[in-house]
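Student: Whenever a hint applies, use it, and build me the whole structure from the sequences.
Heads up: the protein sequence lines correspond to chains A and B, in order. So for the first sequence, my numbering puts the first residue at 191; every next one is plus one. So for the second sequence, my numbering puts the first residue at 17; every next one is plus one.
If you're looking for bench data, these hints aren't it; they were derived computationally from the structure. Check each hint, because a few of them may be wrong.
Unchecked claim - Calculated Cβ distances over 12 Å to all of chain B for the following chain A residues:
| # | residue |
| --- | --- |
| 1 | A198 |
| 2 | Q227 |
| 3 | G241 |
| 4 | E242 |
| 5 | D244 |
| 6 | P245 |
| 7 | V246 |
| 8 | G248 |
| 9 | V251 |
| 10 | K254 |
| 11 | Q255 |
| 12 | E261 |
| 13 | E263 |
| 14 | E276 |
Claimed, not checked - Okay, the calculated beta carbon distance ranges per label pair:
| # | chain 1 | residue 1 | chain 2 | residue 2 | range |
| --- | --- | --- | --- | --- | --- |
| 15 | B | P42 | A | V265 | 52 to 62 Å |
| 16 | B | A83 | A | Q227 | 13 to 23 Å |
| 17 | B | N145 | A | P316 | 11 to 21 Å |
| 18 | A | R196 | B | S146 | 19 to 29 Å |
| 19 | B | G153 | A | G324 | 16 to 26 Å |
| 20 | B | N54 | A | N225 | 44 to 54 Å |
| 21 | B | T104 | A | D244 | 51 to 61 Å |
| 22 | B | L94 | A | T234 | 22 to 32 Å |
| 23 | A | Q227 | B | A87 | 18 to 28 Å |
| 24 | B | N54 | A | N209 | 57 to 67 Å |
| 25 | B | H58 | A | K281 | 47 to 57 Å |
| 26 | A | E214 | B | A87 | 16 to 26 Å |
| 27 | A | D258 | B | R109 | 49 to 59 Å |
| 28 | B | T48 | A | K197 | 33 to 43 Å |
Each residue gets a CB set at the ideal place from its N, CA and C atoms; glycine is no exception.
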Amino acid sequence: MILLTRKADFSAAHFYWNNAWSEEENARVFGKCANRQGHGHNYTLEVTVAGEIDPVSGFVVDLKQLKDIMEREVVSVYDHRHLNHEVPEFKAMVPTTENIAIAIWQRLADKIPNAKLHRVRVYEMPTLFADFYGEGV
Amino acid sequence: MSAIAHLSRRYSFAASHRLHVDALSPEQNRATFGKCNNPFGHGHNYTAQVTFSGHVDSSTGMVTNLADLDAFSQRELLDVFDHANLNTLECFRDLTPTTENLCVELWRIFAEYPNAKLERIRVEETGNNSFDYFGEGTPAVYEE
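Tutor: Written as structure tokens, this is what we have:
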């Protein structure tokens with residue numbers, strides 16, 4: 191088995207807010223991330239797939255195809271968008287780095303031909319990232 | 017059951033150290049540690065990368081609140097290790113402050129963080145070398 195990783199970047203705005211809580215509770219838990227005007231990040235996405243090497247092509251997956259899938263399913267939906275307002279999964283889910291990794295997993299899991307999604311890593315900044323391996327969904 | 021995610025955070029600190037073992041002769045120390053045995057010590061810009069796992073809380077979307085983790089790291093890691101001479105710290109009184117031993121020490125510190133499960137400690141001593149420690153035992157999946 192070979193692991194293959196492809197990166198992509200997207201820039202997006204978000205804020206952290208739980209509608210079930212008071213304004214004070216949101217401010218206490220989420221701090222400056224609760225500013226409802228939003229703020230933004232340059233995110234880096236790393237998608238790792240696992241598979242066997244095709245004896246004819248020598249590929250695990252066709253990288254161009256993987257790039258196109260990531261572009262269609264994730265980057266075109268998230269890039270230069272406000273995650274809370276414009277991306278459906280974050281209507282009911284706080285767009286933390288953890289939840290973004292889970293949401294991207296769900297967008298990609300059954301879309302990759304000939305390989306298995308192994309890991310989704312999302313960097314919110316170089317010093318903070320979340321990994322999701324599909325556990326518990 | 018909610019999903020389980022891994023969260024990693026990187027912290028930088030600058031510190032000096034000297035690799036030296038009292039039980040070895042000066043020649044043996046020089047032969048073992050080379051320029052790292054320089055009696056005056058030398059320093060590095062270290063990066064510690066800590067990885068925690070846990071259920072993603074459905075009300076916060078978080079494995080752990082970063083403000084809590086950052087406050088813990090400030091108190092337990094940065095306030096102690098940043099701009100310090102590692103050889104003078106209590107934990108290295110009888111232990112050579114190699115990056116391997118530093119990894120194990122940071123594991124001991126971050127394992128006490130109460131809000132998530134520690135999975136991995138990575139310490140980068142320079143841009144060209146890094147060390148990973150997963151606690152006792154072998155990690156289920158070893159990868160970058």
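Student: Look at each hint and say if it fits the structure.
Tutor: Each hint, compared with the structure:
In this structure A198(A) is separated from chain B by more than 12 Å, as the shortest Cβ-Cβ distance comes to about 17 Å. Against the 12 Å criterion, Q227(A) stays outside the reach of chain B, whose nearest CB is about 19 Å from its own CB. With a closest Cβ-Cβ approach of about 15 Å to chain B, G241(A) is found to remain outside the 12 Å limit, as its non-interface label requires. Once the 12 Å rule is applied to beta carbons, E242(A) is consistent with being away from chain B; the minimum gap is 17 Å.
Every C-beta of chain B lies more than 12 Å from that of D244(A), the closest at about 22 Å, which supports listing it as non-interface. Annotated as non-interface, P245(A) keeps its C-beta farther than 12 Å from every C-beta of chain B; the closest such distance is 25 Å. With a closest Cβ-Cβ approach of about 27 Å to chain B, V246(A) is found to remain outside the 12 Å limit, as its non-interface label requires. For G248(A), the requirement that its beta carbon stay farther than 12 Å from each beta carbon of chain B is met, with the minimum near 22 Å.
Residue placement check: V251(A) keeps its beta carbon more than 12 Å from all beta carbons of chain B (closest about 18 Å). Here K254(A) stays apart from chain B, with its beta-carbon at least about 23 Å from theirs, past the 12 Å limit. The beta carbon of Q255(A) sits about 23 Å from the closest Cβ of chain B, which is more than 12 Å, so the claim that it is off the interface holds. With a closest Cβ-Cβ approach of about 23 Å to chain B, E261(A) is found to remain outside the 12 Å limit, as its non-interface label requires.
Distance check for E263(A) against chain B: the nearest CB is about 19 Å away, which clears 12 Å, and the non-interface claim stands. A cut-off of 12 Å between C-beta atoms confirms that E276(A) is not in contact with chain B; the least separation is 17 Å. As the Cβ distance of P42(B) to V265(A) is approximately 59 Å, the hint placing it in 52 to 62 Å holds. Remark: the range hint 13 to 23 Å for A83(B) to Q227(A) is upheld by a beta-carbon distance near 20 Å.
Restraint check, N145(B) to P316(A): a C-beta distance of roughly 19 Å satisfies the suggested window 11 to 21 Å. Taking the beta carbon of each, R196(A) and S146(B) are about 23 Å apart, inside 19 to 29 Å as hinted. For the pair G153(B) and G324(A), the beta carbons lie near 23 Å from each other, so the given range of 16 to 26 Å is met. The beta-carbon spacing between N54(B) and N225(A), approximately 49 Å, falls within the hinted interval of 44 to 54 Å.
At about 57 Å, the CB distance of T104(B) to D244(A) agrees with the hint of 51 to 61 Å. The hint said 22 to 32 Å for the Cβ distance between L94(B) and T234(A), and at roughly 25 Å that hint holds. At roughly 26 Å, the beta carbons of Q227(A) and A87(B) sit within the given window of 18 to 28 Å. The beta-carbon spacing between N54(B) and N209(A), approximately 59 Å, falls within the hinted interval of 57 to 67 Å.
A hinted range of 47 to 57 Å holds for the C-beta pair H58(B) and K281(A), which are about 54 Å apart. Separation of E214(A) from A87(B) is about 20 Å and conforms to the stated range, judged on CB atoms against 16 to 26 Å. Hint check: D258(A) to R109(B), Cβ distance near 57 Å, so the stated range 49 to 59 Å holds. Between T48(B) and K197(A) the beta carbon distance is about 40 Å. The supplied range of 33 to 43 Å therefore holds.
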